[in-house]
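Engineer: The lines below spell out each chain.
There are 2 protein chains.
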Amino acid sequence: MPRRRASERPRISVLRVGHRAGRDPRLTTHVALTARAFGAERLYLHPPDVELAGRVDRVGRQWGGTFAVEGVDDWKKFVRAFDGTVVHLTMYGRPFAAVAPALRRSKSILFVVGGAKVPPQLYGLARYNVAIGHQPHSEVAALAVALAELRGIPAPGAWPGATHAIVPMERGKSVERIPAEGE
Amino acid sequence: MPRRRASERPRISVLRVGHRAGRDPRLTTHVALTARAFGAERLYLHPPDVELAGRVDRVGRQWGGTFAVEGVDDWKKFVRAFDGTVVHLTMYGRPFAAVAPALRRSKSILFVVGGAKVPPQLYGLARYNVAIGHQPHSEVAALAVALAELRGIPAPGAWPGATHAIVPMERGKSVERIPAEGE
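Chains D and B supply the protein sequences, listed in that same order.
Take 171 as the starting number for the first sequence in the working numbering and just add one per residue.
Take 171 as the starting number for the second sequence in the working numbering and just add one per residue.
Quick caveat, the hints were computed from the structure, so don't treat them as lab data.
Just so you know, not all the hints are guaranteed correct.
Identical chains blur together in the list; that is why a pair holds if it fits in one copy or across any two.
Computed list of lysine-lysine pairs in DSS-like fashion (alpha-carbon distance at most 25 Å, straight line) [claimed, not checked]:
#1 K343 x K277
#2 K287 x K277
#3 K343 x K287
#4 K247 x K343
#5 K246 x K343
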């Protein structure tokens with residue numbers, strides 16, 4: 171996995187379409203936290219889910235960074251207006267390796283992941299339809315691998331603004347509390 | 171991501187501990203399908219969940235391969251008896267990069283992923299506690315990235331015994347039906 175300087179990296183956001191607030195809050199939470207942990211800037215969520223956005227906000231207040239979940243009412247309009255490369259992750263798409271060079275040259279990428287039912291228009295609106303393997307698995311897995319391929323696995327260390335950071339350990343858990351400025 | 175010949179690859183299985191059949195069937199299904207899609211041989215599931223195993227079996231009958239979900243009653247005994255390298259995926263562990271060379275030399279690996287609550291004994295029983303990033307995210311994401319790092323992203327093509335296979339496409343869906351022998 172090539173490591174790249176921060177300035178060379180594409181900026182990445184994620185759009186989840188077809189979220190069902192009643193049915194899959196935990197799966198969408200995993201999508202959101204995966205996006206955040208692997209360096210995406212935003213999760214755009216259709217339809218909006220204020221509770222979920224709040225939960226992810228609380229994670230950010232503890233562990234740092236500026237990631238946020240933003241609701242999107244009209245996902246088609248949003249995708250059409252996106253200033254960058256729209257990449258739909260789907261097992262029906264082209265192999266990731268075939269598209270990776272183009273993605274690495276992009277300045278800004280929007281990864282789109284569906285839920286159980288993907289609106290068919292998405293295949294037409296995306297610049298690329300890309301498969302992370304061509305077997306049924308998980309939008310969380312597909313997103314994680316795509317992000318790790320483009321950004322690498324994040325290194326240890328406190329994120330900006332964090333109140334807590336993990337100190338990697340061979341066994342057990344160690345969490346460091348980070349004093350706020352002036353504390 | 172280094173591509174390796176099949177003979178050089180570690181054999182990989184996955185153990186999920188603390189599955190809650192009532193509460194997280196979909197998350198564990200994502201764990202199972204991710205394990206399968208990225209080349210693991212088995213998901214061992216504690217506690218057992220016959221319904222989930224059946225659902226994953228049906229995926230295998232359509233899409234091929236020999237992956238299966240097996241219930242485990244005593245996960246500690248199972249981990250102690252495992253003939254290979256036991257790797258607990260946890261955000262508190264050492265960076266993946268620090269452990270990857272040892273993992274690539276292993277003949278057989280058991281990745282252990284917890285649910286919301288991880289039994290503390292796991293940290294002591296695992297040979298390695300390994301973090302895929304040191305931020306909270308998802309056991310599905312951690313497993314996917316670990317498997318993709320060790321095995322690569324699977325290439326297109328029908329799996330042995332499949333009745334169906336995806337034909338990668340730039341737009342839309344194409345699924346090929348594979349005639350059974352003698353059909």
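Engineer: Please go over all the hints and tell whether each is borne out by the structure.
Structural biologist: Quick rundown of the hints versus the structure:
1. K343 x K277: Intra 37 Å, inter 28 Å, cutoff 25 Å: neither.
2. K287 x K277: neither (29 Å within a copy, 39 Å between copies)
3. K343 x K287: between (39 Å within a copy, 13 Å between copies)
4. K247 x K343: For K247 and K343, the Cα distance is within 25 Å only across copies (23 Å; inside one copy 45 Å).
5. K246 x K343: between (43 Å within a copy, 20 Å between copies)
Hint violations for this structure: numbers 1, 2, all remaining hints satisfied.
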